[in-house]
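Read top to bottom, the protein sequences are chains X and F. For the record, in the first sequence the residue sitting at position 85 is 1385 according to our numbering, with numbers rising by one throughout. For the record, in the second sequence the residue sitting at position 17 is 99 according to our numbering, with numbers rising by one throughout.
Worth flagging that the hints you see were computed from the coordinates, not collected in a lab. Cβ coordinates follow ideal geometry from the N, Cα and C atoms, glycine included. Take these hints with a grain of salt, some might be off.
Claimed, not checked - Which stretches of chain F does chain X cover? Using the computed rule of at least three CB atoms under 8 Å from a CB of chain X, they are:
no.	region
1	312-319
2	558-567
3	598-604
Said to hold, decoys possible - Taking beta-carbon pairs under 8 Å as the criterion, some of the chain F residues facing chain X (in silico):
no.	residue
4	T277
5	R555
6	D570
7	I571
8	M576
9	L577
10	L579
11	G580
12	R583
13	E584
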Amino acid sequence: MIMTEQGETGEAITILLVEDDAPTCWRLQDALAKAGYEVRSAGTLAEARQALAAGAPRVLLTDLRLPDGHGVELIREMRQRFPDTEIMVISALGDEESVISAITVGATGYLLKDAFPTDIATTVRDLVAGHSPISASIARFIVRRTQGAAQNSAEPPPGPALNTARLTPREIDILWGIAKGFSYAEIASHLGLSKQTVPGHIKNIYRKLEVHTRSEAVFEAVQQGLIKL
Amino acid sequence: MSEIAAKAPTKAPTRPRRRLIASRLVPYLLLQALIVIVTILGIRLLQPSDPDDYAVDDFSAREDGLTRPVTLPHFTSSRYSLADPPIYAGTFTFRSGDAASGWSVFLPRFSNAVEVAVNGVVVLDSRRDTNANRPDRNTPQIAAIPASLLREGGNEITVRLFVWGPLKGFLDTVYVGPDAALRPAYETRTLLFVTLPVVFSAWQAILAVILAIMWLMRRHEPVYGVLATAMVLGVVQAFAPPPVPPATVSHLAAVLLASAPIESALIVVFGVLFFGWRWPRYGTLLFVPGVLVFVVGLIGGPPLPRILFLVLGIPTVGLCLFLMACVTATAVVRRQDAASFTIGCAVTIVLVCWVQDMLTVLDIVSNDRIFVSRLSYSAMLVAIGAGLTWRFARALNQVDSFAGQLVTRVREAEERLKASFAREEERARAAALANERTRLMRDLHDGLGGQLVSIVALSERGSTGASITDAARAALKDLRLVIDSMDDIGGDLMLALGSWRERATAQLRPHDITLDWRVATPQGLPLHPELRPWHVVQIVRILDEAVTNAVKHAQARRIAVTIDTFDAGQGPYGVISVTDDGGGFALAGNGEAAGAGQTARGLRNMKSRAARCGAVLDLTSDSSGTRVRLKLPQRFPDSDMAAG
Chain X
1301 MIMTEQGETG EAITILLVED DAPTCWRLQD ALAKAGYEVR SAGTLAEARQ ALAAGAPRVL
1361 LTDLRLPDGH GVELIREMRQ RFPDTEIMVI SALGDEESVI SAITVGATGY LLKDAFPTDI
1421 ATTVRDLVAG HSPISASIAR FIVRRTQGAA QNSAEPPPGP ALNTARLTPR EIDILWGIAK
1481 GFSYAEIASH LGLSKQTVPG HIKNIYRKLE VHTRSEAVFE AVQQGLIKL
Chain F
83 MSEIAAKAPT KAPTRPRRRL IASRLVPYLL LQALIVIVTI LGIRLLQPSD PDDYAVDDFS
143 AREDGLTRPV TLPHFTSSRY SLADPPIYAG TFTFRSGDAA SGWSVFLPRF SNAVEVAVNG
203 VVVLDSRRDT NANRPDRNTP QIAAIPASLL REGGNEITVR LFVWGPLKGF LDTVYVGPDA
263 ALRPAYETRT LLFVTLPVVF SAWQAILAVI LAIMWLMRRH EPVYGVLATA MVLGVVQAFA
323 PPPVPPATVS HLAAVLLASA PIESALIVVF GVLFFGWRWP RYGTLLFVPG VLVFVVGLIG
383 GPPLPRILFL VLGIPTVGLC LFLMACVTAT AVVRRQDAAS FTIGCAVTIV LVCWVQDMLT
443 VLDIVSNDRI FVSRLSYSAM LVAIGAGLTW RFARALNQVD SFAGQLVTRV REAEERLKAS
503 FAREEERARA AALANERTRL MRDLHDGLGG QLVSIVALSE RGSTGASITD AARAALKDLR
563 LVIDSMDDIG GDLMLALGSW RERATAQLRP HDITLDWRVA TPQGLPLHPE LRPWHVVQIV
623 RILDEAVTNA VKHAQARRIA VTIDTFDAGQ GPYGVISVTD DGGGFALAGN GEAAGAGQTA
683 RGLRNMKSRA ARCGAVLDLT SDSSGTRVRL KLPQRFPDSD MAAG
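Excised from the complex, chain X in its bound form (with noise of 0.2 Å):
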């Protein structure tokens, strides 16, 4: 196993875990250090902006229910502060409603804090290495949305809001593989695509789920009809 995770230009990879369970934070703190991160850990949301103040790591790993706040503001935060900044959530079921909350904040994957270390690190590897991870779950979860939407139900779909109009034929294909079990290589296979461009598309859907602003919310809304201006 390699000791030490450095980035392209030779340094340590930078983490920032917020999280506010103790032995949660030690026990996935250690599983990246030993992997060679350089992780800093807050407990709190107050925490976790001071630590930004000293600069912005590479990677952001936060849990969702903080005792001072909501692990969606940082991630917004993040995300307009420091686009660069890889974020992922961290999540006890890896349920989709704290997954696909954070997803439209800009999160471009989930960690399950009962993972096993090894898994830990090499989700954080593929991360910055620009693999951005998807769960068959959460792939389900978004292309059943998408059924939804093509059918135009009157009542609005339990679950926390998602705008699907964005995603291509081909995205929602790769979803569908994703949810059903299949590897990268076999949806390449079926899709008639080069394995490698997977990740790629993964990381396309991502951005295309995310919500940036207020007014970008909005814009989205009346291209899709549901505001009538």
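Could you slot chain F onto chain X? The hints should help.
Coordinates of chain F only, in the frame set by chain X:
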């Protein structure tokens, strides 16, 4: 004694009924008696008054070569020939002082026709007036006497009375005087006995049309048709030209004038139908006299119809009126409603008029030979027709209000239905929620609960490390499974298997075991719209168990999951196989007793889970590996097959 005692109870119930009938019939009969009196008085009072100052009633009548002095009104014998009619000769005094307005001769009543001559010159021949030739219409006649004919002082007047049987000839008092003095009396009689019947007939014609239309639109109510027919007959009778002997007229016109018995029989039919009874078959006999008059009249020609009409027709009319009176009286007793009362009173009036006319015809009552039954009958028909139309209009109103009520009721029913539907929906939702809760409880109890308990037990025993971690991980995994299973996957089991693959891969990675994933068909498994979360939980637990067994007990290095779809002609079904390259259960069983026990229990669990979902589990194990084959059903069962 005993017979009386035995009879008493059977008689008892009829007594109150009789009393009831009596209590209803007696007042009605009293009312009818009152109407009879009023009618008779009315006929007397309505007798038109004539200008008696100008009456000429001393005549000498020459009949069959015999001359004798008579006083008018005078009856003469019936005859069938117009040759040699009775001639009445009289004198009147003319004073030229009264000549300003001209003088007229006025004959209020005669039958059947008169020819009046003054000083030998004919001034009036009533045979040219068709109305005057009807014996049933008391048509008066008036004629101006040309001034040149009149002589100061005594003048001669002769009246030739034409009679055609079977009725006796009749000549009422003749009035000669200034036109101004005679004209009003003439006008009054014309109005009463000529204009009024024509008005009634016109009215009858209109009602006949209305009733005929009603009957055409409502064939199941013949009562309208019967009344319309009666009215048509009445109208035809009123407007048919009466034949004047010796003129040869069609037989048809002759018999149409004698159609009154048929008409009255129709009225009886109407009465019976109107009050809701069935027309008895023998009731047709009532038409026999009328038809007889008709047929004989058609064959024989005049004066046969007239004779038959007198001897057969008029009694039939009377019989019909009597029957009608009985019918209405019964209706009054039974129904006690306005319609039966009104018609009953009308029938009584007509009956009285008929009796009066009969008495007049038979010379029992001297009434200046004014026939009133035809007039009263027409009035009755008009009243009945108007009443029927009124009833029809009222029925239409009832239909309208019924339609309104119906709309209201439908709306109410709709509201009730909506409410009950909402209630039912609420109940169904509550039931579904309760079911889901039960399901969730069982799922949590089966997995998470047991694992948490074992964590507690392990930590109480002070054990550290792997066992607690494994139990906690299993608990988390199960929690994720339960949460995951709640998501709507639209019947596509592949979506649930996709998540499971991720979890299994993560689970196997630390053990360095590879998970081969092979989906034989591009679309994966067939869709199952009936797939429920608890099915998913059971299937995923079976797969978990298979993988856990492979890791823990068979020390496998490679686990392959194959998803395949088969179709044996009865619809497609899926098969999920979990194959490992481990040592198999038999070997593990021999080497490790405890492990074997656990494996056996796990196997039982897997089989029962499969059975609950209607799936079939097949396990083969040998030293080269283990293969768990789960054959999914074509249709997942609605209820938990092993529940309870």
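- Query: Do the numbers back the hint for I571(F), that is, is its least Cβ distance to chain X under 8 Å?
  - Reply: holds, 7 Å
- Query: Any CB of chain X closer than 8 Å to the CB of G580(F)?
  - Reply: holds, 3 Å
- Message: Take the shortest C-beta to C-beta distance between R555(F) and chain X; is it under 8 Å?
- Response: This hint holds: R555(F) lies near chain X, its Cβ roughly 7 Å from the closest one there, short of 8 Å.
- Item | Minimum beta-carbon distance criterion (8 Å), D570(F) to chain X | The hint holds - D570(F) has a Cβ within 8 Å of chain X, the shortest such distance being about 7 Å.
- Query: Can the region 312-319 of chain F be counted as covered by chain X under the rule of three residues or more with Cβ-Cβ separation shorter than 8 Å?
  - Reply: Violated: only 0 residues of the region 312-319 of chain F have a Cβ under 8 Å from chain X.
- Query: Should the hint that M576(F) touches chain X count as held when the rule is a Cβ pair under 8 Å?
  - Reply: holds, 4 Å
- Item | Supplied contact hint for L579(F), tested at 8 Å Cβ to chain X | Holds, because the Cβ-Cβ distance from L579(F) to chain X comes to roughly 5 Å (cut-off 8 Å).
- Task: Go through the hint on L577(F) and say holds or violated, using the shortest Cβ distance to chain X against 8 Å.
- Result: holds, 5 Å
- Quick one: see if chain X covers the region 558-567 of chain F, three-plus residues with Cβ-Cβ under 8 Å. holds (count 5)
- Query: Within the assertion that chain X covers the region 598-604 of chain F, do at least three residues meet a Cβ-to-Cβ distance smaller than 8 Å?
  - Reply: holds (count 3)
- Item | Closest C-beta approach of E584(F) to chain X relative to 8 Å, hint status | Interface hint status for E584(F): holds (5 Å vs cutoff 8 Å).
- With a cut-off of 8 Å, does the beta carbon of T277(F) approach a beta carbon of chain X closely enough for the hint to hold? violated, 77 Å
Hint compliance for this structure: hints 1 and 4 are not met, and every other hint is.
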